[in-house]
Amino acid sequence: TALLSQDQLEAEERSRLQRSQSTVLVSTRREPPPYSFRKSWVPRSLEDFGDGGAFPEIHVAQFPLEMGRKKRTSNALAVQVDAEGKIKYDAIARQGQSKDKVVFSKYTDMLPKEVLNEDDPELQKPDEEAVQELTEKTRSALEKQVSQKIAAAMPVRAADKQAPAQYIRYTPSQQGLAFNSGAKQRVIRMVEMQKDPMEPPRFKINKKIPRGPPSPPAPVMHSPSRKMTVKEQQEWKIPPCISNWKNAKGYTIPLDKRLAADGRGLQTVHINENFAKLAEALYIADRKAREAVEMRAQVEKKMAQKEKEKKEEKLRELAKMARDRRAGIKAHGDKGGEDTEVREREEIRHERRKERQHDRNISRAAPDKRSKLQRDQDRDISELIALGQPNPRTSSEAQYDQRLFNQNKGMDSGFAGGEDEMYNVYDQPFRGGRDMAQNIYRPSKSADKDMYGDNLDTLMQNNRFVPDREFSGADHGPRRDGPVQFEEDPFGLDKFLEEAKQHGGSKRASTSGRSKDYDHEKKRRKE
Numbered sequence: 001t002a003l004l005s006q007d008q009l010e011a012e013e014r015s016r017l018q019r020s021q022s023t024v025l026v027s028t029r030r031e032p033p034p035y036s037f038r039k040s041w042v043p044r045s046l047e048d049f050g051d052g053g054a055f056p057e058i059h060v061a062q063f064p065l066e067m068g069r070k071k072r073t074s075n076a077l078a079v080q081v082d083a084e085g086k087i088k089y090d091a092i093a094r095q096g097q098s099k100d101k102v103v104f105s106k107y108t109d110m111l112p113k114e115v116l117n118e119d120d121p122e123l124q125k126p127d128e129e130a131v132q133e134l135t136e137k138t139r140s141a142l143e144k145q146v147s148q149k150i151a152a153a154m155p156v157r158a159a160d161k162q163a164p165a166q167y168i169r170y171t172p173s174q175q176g177l178a179f180n181s182g183a184k185q186r187v188i189r190m191v192e193m194q195k196d197p198m199e200p201p202r203f204k205i206n207k208k209i210p211r212g213p214p215s216p217p218a219p220v221m222h223s224p225s226r227k228m229t230v231k232e233q234q235e236w237k238i239p240p241c242i243s244n245w246k247n248a249k250g251y252t253i254p255l256d257k258r259l260a261a262d263g264r265g266l267q268t269v270h271i272n273e274n275f276a277k278l279a280e281a282l283y284i285a286d287r288k289a290r291e292a293v294e295m296r297a298q299v300e301k302k303m304a305q306k307e308k309e310k311k312e313e314k315l316r317e318l319a320k321m322a323r324d325r326r327a328g329i330k331a332h333g334d335k336g337g338e339d340t341e342v343r344e345r346e347e348i349r350h351e352r353r354k355e356r357q358h359d360r361n362i363s364r365a366a367p368d369k370r371s372k373l374q375r376d377q378d379r380d381i382s383e384l385i386a387l388g389q390p391n392p393r394t395s396s397e398a399q400y401d402q403r404l405f406n407q408n409k410g411m412d413s414g415f416a417g418g419e420d421e422m423y424n425v426y427d428q429p430f431r432g433g434r435d436m437a438q439n440i441y442r443p444s445k446s447a448d449k450d451m452y453g454d455n456l457d458t459l460m461q462n463n464r465f466v467p468d469r470e471f472s473g474a475d476h477g478p479r480r481d482g483p484v485q486f487e488e489d490p491f492g493l494d495k496f497l498e499e500a501k502q503h504g505g506s507k508r509a510s511t512s513g514r515s516k517d518y519d520h521e522k523k524r525r526k527e
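Going by full-length UniProt numbering, the letters in the sequence shown line up with residues 1 to 527, in that order.
Hint data in this document are derived by calculation from the structure and do not stem from the laboratory.
It should be emphasised that the depicted structure is a prediction, and the values quoted were computed from it without experimental measurement.
One should not assume that every hint holds.
To be verified - Simulated restraints on C-beta separations:
{"hint": "1", "residue 1": "Leu-278", "residue 2": "Tyr-107", "range": "56 to 64 Å"}
{"hint": "2", "residue 1": "Lys-39", "residue 2": "Asn-75", "range": "36 to 44 Å"}
{"hint": "3", "residue 1": "Lys-320", "residue 2": "Glu-294", "range": "36 to 44 Å"}
{"hint": "4", "residue 1": "Lys-88", "residue 2": "His-59", "range": "40 to 48 Å"}
{"hint": "5", "residue 1": "Thr-252", "residue 2": "Lys-277", "range": "42 to 50 Å"}
{"hint": "6", "residue 1": "Glu-47", "residue 2": "Val-230", "range": "55 to 63 Å"}
{"hint": "7", "residue 1": "Val-102", "residue 2": "Glu-136", "range": "36 to 44 Å"}
{"hint": "8", "residue 1": "Ala-322", "residue 2": "Ser-382", "range": "39 to 47 Å"}
{"hint": "9", "residue 1": "Pro-219", "residue 2": "Pro-126", "range": "24 to 32 Å"}
Stated by the list, open to error - Derived DSS-like pairs: lysine-lysine, alpha-carbon spacing no greater than 27 Å straight-line:
{"hint": "10", "residue 1": "Lys-149", "residue 2": "Lys-208"}
{"hint": "11", "residue 1": "Lys-288", "residue 2": "Lys-301"}
{"hint": "12", "residue 1": "Lys-161", "residue 2": "Lys-137"}
{"hint": "13", "residue 1": "Lys-207", "residue 2": "Lys-231"}
{"hint": "14", "residue 1": "Lys-227", "residue 2": "Lys-237"}
{"hint": "15", "residue 1": "Lys-125", "residue 2": "Lys-137"}
{"hint": "16", "residue 1": "Lys-99", "residue 2": "Lys-208"}
{"hint": "17", "residue 1": "Lys-249", "residue 2": "Lys-237"}
{"hint": "18", "residue 1": "Lys-125", "residue 2": "Lys-113"}
{"hint": "19", "residue 1": "Lys-101", "residue 2": "Lys-257"}
{"hint": "20", "residue 1": "Lys-184", "residue 2": "Lys-195"}
{"hint": "21", "residue 1": "Lys-106", "residue 2": "Lys-227"}
{"hint": "22", "residue 1": "Lys-144", "residue 2": "Lys-101"}
{"hint": "23", "residue 1": "Lys-231", "residue 2": "Lys-249"}
{"hint": "24", "residue 1": "Lys-144", "residue 2": "Lys-184"}
{"hint": "25", "residue 1": "Lys-207", "residue 2": "Lys-149"}
{"hint": "26", "residue 1": "Lys-301", "residue 2": "Lys-314"}
{"hint": "27", "residue 1": "Lys-320", "residue 2": "Lys-310"}
{"hint": "28", "residue 1": "Lys-320", "residue 2": "Lys-306"}
{"hint": "29", "residue 1": "Lys-86", "residue 2": "Lys-71"}
{"hint": "30", "residue 1": "Lys-231", "residue 2": "Lys-246"}
{"hint": "31", "residue 1": "Lys-137", "residue 2": "Lys-195"}
{"hint": "32", "residue 1": "Lys-113", "residue 2": "Lys-88"}
Note that beta-carbon positions come from the ideal geometry of N, C-alpha and C, so glycine has one too.
Can you build the whole structure from these sequences, using the hints too?
Here you go:
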């Protein structure tokens, strides 16, 4: 016989135990089946795991000892059923309320109660004993709350009065001589523990407690539901809110949806009647203005016609008088040549009076201008040209700016083909004559005569940037091609050191050593 492995022995032991437990009516413990019997078996409850971990060969989500399972908290209420088997929907309104609170949540609560019997005990007033008892309980409760508030506000409190001892009869469940000293019952005396009045509070009572539930909502009584027609569904279709400014998601919104969201189709266009009144008033005002302009034009035309007729009549009379005078016929109002001469003298006298008045006005306003005008009136044209005064004669021809006729380059001649950044304000040189530069940069003879002398042309032909005066004692030897070269020992330092050596023979050896080092360094530098 082949030797069985330890796992096979354990599996056989489990199968034997399972067969033995199948005969028992009530199973005391559930365990997972052995390895050979786990086909299509899935652990569901905590007992299926047998105080162990998950089964890796079973590929389902497993939560041994509820480890890893997400805790789902829900505020859903359990379904409650009334006496008739209908679901009690008013449990939602009663949630968080005390059990004695009256909450009206049914249709029957809105109906008035029918009083069938006046002698019903529910409708009777309580008797004096019930009223006295309820009053005493209310007074004691209020006194207790007031005393607690006063005692808490006192700096030093007296010890609270202990409640009276309570006696409780206790009958143990285990009877016998070995239990409870052989007694069948016991009496327990319960006394309230003495509390230290100076003890600080053990618990923090200043925490903010959430307020209690509000009053129950008003019940909404719905009418029985009915099917909606297609028309009602279309009427109840509310368009989505589409902004005319923001489109964060970047959706492409058709125009009809924009118009529907705008709500223009839901608004009825109402035009105010004042618009019609305004249009009518403008039309009447325009018509009256046109009539007034036309009437004014007609009046002006008539007045012009009358003036023209008067002038023609006057000209006609003057022509007739001229013809009569030429023919030698005297008019009835004509007194001869004396009146004509008198009239001419009066005209001359009037002209001279106007000139004198004009001269007085000019002399009163600007005396210097009067003299200047009189002086300029008698000047000859040659004097005016010599003085540089403008020609007082005004020509009948109109004066134009010649730059406006510069059309040979096209429209872009003035601003360089539309280039704004170009700076061509000065398109021609200022006074661009040939001798202008020579006259500007040429020194005057009188001002610089003492410095340059009379021979200015000779100086201008010489080399520039060369000093005209040399320093005294300047060397005119050959020019060097390299850096500056100095003579060796120009100050006689070697001679000075030799004399110092001869006179300083009695000095310390350190000084002689330093001089030797100095001579050695000097020779090395020469080499």
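Now for the hints, and whether the structure bears them out:
no.: 1; hint: Leu-278 x Tyr-107: 56 to 64 Å; result: 60 Å, holds
no.: 2; hint: Lys-39 x Asn-75: 36 to 44 Å; result: 42 Å, holds
no.: 3; hint: Lys-320 x Glu-294: 36 to 44 Å; result: 39 Å, holds
no.: 4; hint: Lys-88 x His-59: 40 to 48 Å; result: 44 Å, holds
no.: 5; hint: Thr-252 x Lys-277: 42 to 50 Å; result: 46 Å, holds
no.: 6; hint: Glu-47 x Val-230: 55 to 63 Å; result: 57 Å, holds
no.: 7; hint: Val-102 x Glu-136: 36 to 44 Å; result: 25 Å, violated
no.: 8; hint: Ala-322 x Ser-382: 39 to 47 Å; result: 45 Å, holds
no.: 9; hint: Pro-219 x Pro-126: 24 to 32 Å; result: 31 Å, holds
no.: 10; hint: Lys-149 x Lys-208; result: 19 Å, holds
no.: 11; hint: Lys-288 x Lys-301; result: 20 Å, holds
no.: 12; hint: Lys-161 x Lys-137; result: 19 Å, holds
no.: 13; hint: Lys-207 x Lys-231; result: 57 Å, violated
no.: 14; hint: Lys-227 x Lys-237; result: 16 Å, holds
no.: 15; hint: Lys-125 x Lys-137; result: 19 Å, holds
no.: 16; hint: Lys-99 x Lys-208; result: 25 Å, holds
no.: 17; hint: Lys-249 x Lys-237; result: 23 Å, holds
no.: 18; hint: Lys-125 x Lys-113; result: 18 Å, holds
no.: 19; hint: Lys-101 x Lys-257; result: 52 Å, violated
no.: 20; hint: Lys-184 x Lys-195; result: 34 Å, violated
no.: 21; hint: Lys-106 x Lys-227; result: 25 Å, holds
no.: 22; hint: Lys-144 x Lys-101; result: 24 Å, holds
no.: 23; hint: Lys-231 x Lys-249; result: 32 Å, violated
no.: 24; hint: Lys-144 x Lys-184; result: 40 Å, violated
no.: 25; hint: Lys-207 x Lys-149; result: 18 Å, holds
no.: 26; hint: Lys-301 x Lys-314; result: 20 Å, holds
no.: 27; hint: Lys-320 x Lys-310; result: 15 Å, holds
no.: 28; hint: Lys-320 x Lys-306; result: 21 Å, holds
no.: 29; hint: Lys-86 x Lys-71; result: 31 Å, violated
no.: 30; hint: Lys-231 x Lys-246; result: 32 Å, violated
no.: 31; hint: Lys-137 x Lys-195; result: 26 Å, holds
no.: 32; hint: Lys-113 x Lys-88; result: 22 Å, holds
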